[in-house]
Amino acid sequence: MSLPRELASGLVDFLANAGAMSRFFLRVLVISPSGLLRPRLIVEQVYNTGALSLVIIMTSGLFVGMVMGLQGHDLLARIGSEESLGIGAALTLLKELGPVVTALLFAGRAGTALASEIGLMRATDQLSAMEIMAVDPMKRVVLPRFLGGVIAMPLLTAIFVAISLYGVQLIGVQYFGIDQGQFWSEMRSAVEIEDVREGLIKGFVFGVACSLIAVYEGYHADPTAEGVGRATTRTVVISAVSTLVLDYIVTAILL
Amino acid sequence: MRQSRAIDVSTGLFVLLGLVAIVFLVTQISNREFSLTETSYRLKAQFENIGGLKTGAPVKMAGVTIGRVEAIDYDMQLLKAIVTLRIDERYGEIPNDSDASIFTAGLLGGQYIGISPGGSEEYFKDGDQVAFVQDAIVLENLISKYLFSQAEKESAAKAEAAASQPASTPQE
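Just so you know, the protein sequences line up as chains A and B, in that order.
Its first residue numbered 1019, the first sequence is counted upward by one per residue in the working numbering.
Its first residue numbered 3, the second sequence is counted upward by one per residue in the working numbering.
These are computed hints drawn from the structure, not numbers from a lab.
Be careful, since some hints might not be right.
Claimed, not checked - No more than 20 Å apart at the CA atoms, straight line, and that leaves these computed lysine to aspartate or glutamate pairs for DMTMM-like:
| # | chain 1 | residue 1 | chain 2 | residue 2 |
| --- | --- | --- | --- | --- |
| 1 | B | 56 | A | 1210 |
| 2 | B | 56 | A | 1213 |
| 3 | B | 62 | A | 1210 |
| 4 | B | 82 | B | 72 |
| 5 | B | 46 | B | 75 |
| 6 | A | 1157 | A | 1062 |
| 7 | B | 62 | A | 1204 |
Only a predicted model underlies this, so the values are computations on that prediction, with no experimental measurement involved.
Make a model of the complete structure from these sequences and hints.
So this is what it looks like as structure tokens:
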């Protein structure tokens, strides 16, 4: 095939994928009220996507915060205002770094688990078996996983930011000896409630996007071992890219 | 059954942790010394010029934030800016002859309203108008005033010199 043709067919593939995913999203939204009938399934998925991601979120958060403490202190010491470390760290973490890094980790830890689990169900014909038993796999399998991810992401974001700030504080106050009171009061005077809201909105948006991509890719995986592997890879790649693109869009809207 | 109980417990723990983190971010990190949702009363003040005052700007008394600017409107009859202040209920006993001025925090900081208390025995009530106000100081006005006064001085000095010269020549 010639290059322009290949490009064209790639573009068509992309559009078809985007369209199918939007349709899938609408279907999930339409049946989402029925998820409330089985809260038990959602709780299990909050555990799967949220509670099981806690360790990676907390360790990463601590180290991201500590690195920010070191780098931020180095930067601010050059202009002689180390006390502003709290402001810079809090705003960066709340508005950008927290939601984005959480979403990337979430895609890697929870998204891949969801995609491979559903993909394997597809490969082993469990989804078809459900359909034969008149159980809608969208309601029984896809919806709880999607909702669980949507619930878990904002909570994970908040935990990540809180732990990171503790890491910043650890380096800034305990190691470099910035005055504790000044650190917190400067932070408090600069950070507005809107900044916290922005972070949580982003967490929610990324949660919707990453969960949707994971369940979509799993649900539409080729029913082979190779297909499940490909679905898992695609989940991480598409989640990462759309998180960063969405981040720009949400920031542009909220600023 | 035991396993599902373990799932419940750890999910509960996770959700609790998340909520604690949100509460921590909202109360400890962000600036909530005064929010408009608290019980409060309103005052109005008319200004000729509010400079760069924005809604949400703090209202301060002796440097303490006691409220926020809730709304800024322009009155077409009075041809003045109407600023609505929302003052926290805790600061309910402000003498009703106090004056409101627009100040700038720092050299280039944001603008805020400063209230200096008067000596009246009566207090402001909800919806009252602040009678004594002082407008924002606009830097350009100050500069132009200074320049005009310099120019005036110079021309006055010239006029004086011109007036004194013809007066002095005949004497010589």
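Okay, the hints, checked on the actual structure:
1. For the proposed pair residue 56(B) and residue 1210(A), the alpha carbon gap of about 15 Å is at most 20 Å, so the pair holds.
2. In summary, the hint linking residue 56(B) to residue 1213(A) is supported, as the alpha carbons are separated by about 18 Å, within the 20 Å threshold.
3. In summary, the hint linking residue 62(B) to residue 1210(A) is supported, as the alpha carbons are separated by about 18 Å, within the 20 Å threshold.
4. Distance check on the hinted pair: residue 82(B) and residue 72(B) sit about 17 Å apart at the alpha-carbon level, within 20 Å; holds.
5. Of the supplied pair hints, the one linking residue 46(B) and residue 75(B) holds, its CA atoms being roughly 11 Å apart against a limit of 20 Å.
6. With a CA separation close to 14 Å, the supplied pair residue 1157(A) and residue 1062(A) stays within the 20 Å bound.
7. The straight-line distance between the Cα atoms of residue 62(B) and residue 1204(A) is roughly 19 Å, inside the 20 Å bound, and the hint therefore holds.
When the structure is compared with the earlier hints, no violation turns up for any of them.
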